[in-house]
Amino acid sequence: MSATGDLPTTRRSTAGPVVVGYDASEAAETALAWAGREARTRGTALQVVYVRDAHDTGLAVRPGGREDAPDAGAWPVVEEAAARVRDIVPGVETETFVEYASPGAALVAMSRGASLVAVGSTPHRALVEELRGSVALQLAAHAHCPVGIVPALPDVRLPAERPVVVGYDGSPSAARALLHAADAAWFGALALRVVVAWSPGPAEWVESFALATLPRDATEEAAERTLADGLERVRAHGEAQGRRPGSLMVEGVVQEGRAVDVLHREATDADRLVVGTRGRGGFAALLLGSVSHTMIRTAPCPVVVVRDEGAPE
Numbered sequence: 571m572s573a574t575g576d577l578p579t580t581r582r583s584t585a586g587p588v589v590v591g592y593d594a595s596e597a598a599e600t601a602l603a604w605a606g607r608e609a610r611t612r613g614t615a616l617q618v619v620y621v622r623d624a625h626d627t628g629l630a631v632r633p634g635g636r637e638d639a640p641d642a643g644a645w646p647v648v649e650e651a652a653a654r655v656r657d658i659v660p661g662v663e664t665e666t667f668v669e670y671a672s673p674g675a676a677l678v679a680m681s682r683g684a685s686l687v688a689v690g691s692t693p694h695r696a697l698v699e700e701l702r703g704s705v706a707l708q709l710a711a712h713a714h715c716p717v718g719i720v721p722a723l724p725d726v727r728l729p730a731e732r733p734v735v736v737g738y739d740g741s742p743s744a745a746r747a748l749l750h751a752a753d754a755a756w757f758g759a760l761a762l763r764v765v766v767a768w769s770p771g772p773a774e775w776v777e778s779f780a781l782a783t784l785p786r787d788a789t790e791e792a793a794e795r796t797l798a799d800g801l802e803r804v805r806a807h808g809e810a811q812g813r814r815p816g817s818l819m820v821e822g823v824v825q826e827g828r829a830v831d832v833l834h835r836e837a838t839d840a841d842r843l844v845v846g847t848r849g850r851g852g853f854a855a856l857l858l859g860s861v862s863h864t865m866i867r868t869a870p871c872p873v874v875v876v877r878d879e880g881a882p883e
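Under this note's numbering, the first residue of the sequence shown is numbered 571, with each subsequent residue one higher.
Honestly, I wouldn't trust all of these hints.
If you anchor each label on the Cβ, the simulated ranges turn out as follows [what the hints assert, rightly or not]: (1) Ala806 - Asp839: 26 to 32 Å; (2) Thr692 - Arg795: 38 to 44 Å; (3) Val823 - Arg654: 34 to 40 Å; (4) Asp787 - Glu663: 31 to 37 Å; (5) Arg656 - Glu791: 23 to 29 Å; (6) Gln811 - Thr692: 32 to 38 Å; (7) Asp839 - Glu663: 47 to 53 Å.
Hints listed in this document are in silico derivations from the structure and should not be mistaken for laboratory results.
Where is the CB? At the ideal position from N, CA and C, for every residue including glycine.
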């Protein structure tokens with residue numbers, strides 16, 4: 571595939587497809603365009619999935635949630651969506667699916683073998699969606715690959731040379747998020763911004779990019795060491811992948827403050843914010859951890875959640 575004037579040169583990935591959940595809403599349209607750009611920059615296919623709840627359709631669904639009989643209402647919707655994303659992102663390869671199941675369950679199943687699954691989110695409705703069982707939260711908690719949660723913001727669809735921002739605290743979950751962010755930045759020919767937040771006060775409960783309580787100077791020095799560790803991990807990862815030194819622009823940021831506040835500020839001009847999570851099973855809002863859960867609801871850009879590989883499903 572050749573590059574276009576609006577998109578960076580494709581750096582082909584050997585990973586699986588990008589999956590996007592689609593329901594014809596404004597948020598889904600934004601996620602569709604974002605996922606198409608992600609698939610295009612990675613050189614992989616985009617799978618557009620239109621999910622219809624079997625209880626609403628009255629269909630008898632076979633085990634596995636798939637129904638082979640054509641649906642006069644569903645297929646035109648998903649085919650038109652695929653055509654639109656091909657117009658928005660020239661050269662992207664699309665595949666279309668109609669699934670009869672609950673949206674969360676269907677997209678979790680589709681995430682097996684995928685490199686990323688994306689869904690839209692409406693920021694001002696986030697709390698309402700959370701209370702009734704958000705698909706985004708279900709995916710972030712249970713998907714088998716990283717999850718992109720794309721807010722319905724006016725400029726999210728527009729290709730722009732904005733950095734990929736990642737929160738890092740030296741933990742294994744943050745390290746996985748860091749390497750995913752480095753790959754996303756490299757594939758998209760974007761800069762990578764590694765952010766370490768620190769605070770001389772008590773660490774935040776459950777999950778934080780802030781460091782544990784230490785004297786002020788010692789805490790800041792520890793944060794600087796954490797950043798140095800993160801930057802070295804990025805360098806070593808690029809070397810292991812055979813990437814040319816200097817092919818990824820990396821910026822390190824150490825800031826005092828609560829993790830959610832620091833990440834929100836640093837993500838204001840971001841292409842996306844990448845966060846790790848420590849899955850423990852149970853309710854999605856709890857197992858995500860406080861920082862990732864808050865950023866999903868409030869971040870000013872798309873948020874990619876990278877789950878622990880050993881987290882319960």
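Going through the hints against the structure:
no., hint, verdict
1, Ala806 - Asp839: 26 to 32 Å, "holds, 27 Å"
2, Thr692 - Arg795: 38 to 44 Å, "holds, 40 Å"
3, Val823 - Arg654: 34 to 40 Å, "holds, 37 Å"
4, Asp787 - Glu663: 31 to 37 Å, "violated, 54 Å"
5, Arg656 - Glu791: 23 to 29 Å, "violated, 51 Å"
6, Gln811 - Thr692: 32 to 38 Å, "holds, 36 Å"
7, Asp839 - Glu663: 47 to 53 Å, "violated, 30 Å"
Of the hints listed earlier, those the structure fails to meet are numbers 4, 5 and 7, in rising order.
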